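Chains as they are written, first to last, in my numbering: chain Y, 1009 to 1439; chain V, 8 to 252.
Note that these hints are calculated values from the structure, not bench results.
It is possible that part of the hints are untrue.
Heads up, simulated DSS-like pairs for lysine-lysine below, C-alpha to C-alpha not over 25 Å straight-line [claimed, not checked]:
#  : chain 1 : residue 1 : chain 2 : residue 2
1  : V       : Lys-247   : V       : Lys-66
2  : V       : Lys-184   : V       : Lys-162
3  : V       : Lys-222   : Y       : Lys-1073
4  : V       : Lys-89    : V       : Lys-247
5  : Y       : Lys-1069  : V       : Lys-222
6  : V       : Lys-46    : V       : Lys-247
7  : Y       : Lys-1119  : V       : Lys-247
8  : V       : Lys-222   : V       : Lys-247
9  : V       : Lys-86    : Y       : Lys-1119
10 : V       : Lys-177   : V       : Lys-222
11 : Y       : Lys-1095  : Y       : Lys-1069
12 : V       : Lys-184   : V       : Lys-46
13 : V       : Lys-86    : V       : Lys-66
14 : Y       : Lys-1119  : V       : Lys-89
15 : V       : Lys-45    : V       : Lys-66
Quick look at which bits of chain V chain Y covers, simulated, 3 or more residues with Cβ under 8 Å [claimed, not checked]:
#  : segment
16 : 35 to 44
17 : 49 to 58
18 : 96 to 103
19 : 120 to 129
To give a feel for the contact side, a few chain Y residues facing chain V, derived at Cβ under 7 Å [as the list claims (entries may be wrong)]:
#  : residue
20 : Thr-1181
21 : Thr-1183
22 : Asn-1190
23 : Val-1195
24 : Asn-1197
Just so you know, these numbers come straight off a predicted model, no measurement behind them.
Virtual Cβ for every residue (Gly too), placed ideally from N, Cα, C.
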Amino acid sequence: MIAFLLKGLLRDKSRSLFPLLIVFMGVLLTVVLHAWLNGSITSLVLATAHFTTGHVRVMTKSYAKESDQIPNDLALLGIDSLMEGLKRDYRDLLWTPRIRFGGLLDLPDEKGETRAQTPVSGMGVDLFSVESPELSILNIRDAVVRGRVPRNRGEMLMGEEGARKLNIQPGDTATLIGSTMNGSMSVTNFVIVGTLRFGVVAMDRGTVIADISDIRQALDMQDGAGEILGFFRDDVYNDGRASAVASDFNSRHALIASGAKGQDTAFSPVMGTLRLQSGLADYLDYIDLYSGVIIGVFVLAMSVVLWNAGLTGSLRRYGEIGIRLAVGEDRRHIYISLLVESLMIGFIGSMLGTMAGLAIAWYGELKGFDFGAVMKSSTLMFPNLVRARITPFTFVIGFLPGLLATFLGTAISGVGIYRRQTSELFKELES
Amino acid sequence: MTRHYPVLLLLAAFPCVAQGPSGDEILAKVDRNMFSEKKIVLSRMIVHGRRETRTVESKSWQRGTSESFTEFLAPAREKGTKMLKLSDMLWEFSPSTDRTIMISGHMLRQSVMGSDLSYEDMMEDPHLPNQYSAAVSSEEALGGRDCWVLDLKAKKQDIAYGHRQVWVDKERFVVLKENLYATSGRLLKTAEVRDVMHVQNRWLARTLLYRDVLKDGEGTEFHVDSVAFDAEIPDYLFSKAALRR
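With the hints as constraints, model all of the structure from the sequences given.
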């Protein structure tokens, strides 16, 4: 029966081509859309983790409450022992301390007078330790556009866009004007040894990066750090694992804090996960919800179009079905044959659509799409180059709806077969 | 009866005599008590931060109201940092970088040495009659001293504190308490004098607690260790070159 129906579909293109094209296009778009959304979310999560929150982040309780304002007066102190404990207790994560800060970068002229000033947001990261993961996490070596990575104390990297605006060349000296941990004005000279382009507008505009030891010195934060970031060794965020680590760490430190009477618990360390920091949980939930809604609406629209196509087909095949009924073919048999035809169209269309969609998504994963032009004033940790991402789910996201939509469309439109009256058939056929 | 007419007329013609001095008169007397053409002040600033308390020592040379030179003496990290105010310009010299930075724009809102005092506060014209018109709103006793409570309204728009409430000692003409408000009416800072001193026939605040109410913390204490009015101050001190000396 299947071979017979397939022959019919192949020979009568008007019966198969239009539904096939609709399924093909619908599935293709669903697959591509899913891969792009997936890629965008992954890029956002990755950039947020690498530049801001880590997979987990340790801060003092007070700092965590105001972390958006970077309150370095509430930073963690006694970093060495805290790092030792983290490395010992949670070996499946890489730990690295960071100091985020804001300030002004002042460029002197030949007389030492201010030539130009620009606001900067900076990071003190461990650039010099052999075991430090920062160079690879921040992808610093590849991000350097001009100059080199700092090798000595007193050296600094600056965002390429900011450096170009101020006409800063590698080798120039700049003065960082910031605020120490105690709130005093801090004035420190740095040599800009290189410029960076991370491909994240918010970072490239006004970021400076120096070794954490220099920033500690500049901001009077000896053995201190604003935060300690933890990254899973495979660099894949797993909310379950991250939550388990955070919960274990927090319960241990709550016990220590409760045992140490008289100590100010406002400065006890607390750990938060990437998902629960910076409002990312709500954001990701929204993205999940809206991507589900978009794909749902898309599948629904495809079903309606296919239902309509089925109806049109039924009308067009009105005579054929009438003859089949007149020669005694069972209504149920006709209905089933139409459903099998629709499943075949759905299967072939979904297969072709999935393959074509995957090919486009794969190209998008390799090359990406540059949103730099439309994100010039963005403050989001969102990379300019967004790549699609193919996951096992991308293989089925379009296939099942493509198959179901044709089936449902035909199932609903085919009900009309049961409404045909045999007694009226000849009259209908004569006319 | 007719003998009393001149007295009654006099009272009717000058009602203010019976009500005491006006707000502006009181403010002018406060101003005369506080200022001299030249002044050298040695002081300590005890900053109560959210985490720790630190003491910053400094020496200031002031000429008139628009020129001042300050050198920080302690703690070690701040030692040698100098600030120069000339009219509406402010520079800070950092000895570790050998750079002189002009403090302007939003940097003026930054705190001085982590205290509750901002650079903008330092830039204010300390002659209150130049900036505010005063009215006596009430009389109160404060720490056993009878005070006038003055309401000060800014004469200009571009001023950090649009409204001030000032408690002035009736006898010594020294300000004992002050509330500083934004133009919107929001309380921004408070100052409470805890101790006064008598120097060269003037009454001055020796210890005061200055508090930025928008910040957490217990405020900043200022202690004046010594003050010398009409002292000799060399002219070169009020130049940018002096910052590097």
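**Prompt:** Hints broken by the structure, by number, lowest first?
**Reply:** 8, 10, 16, 20
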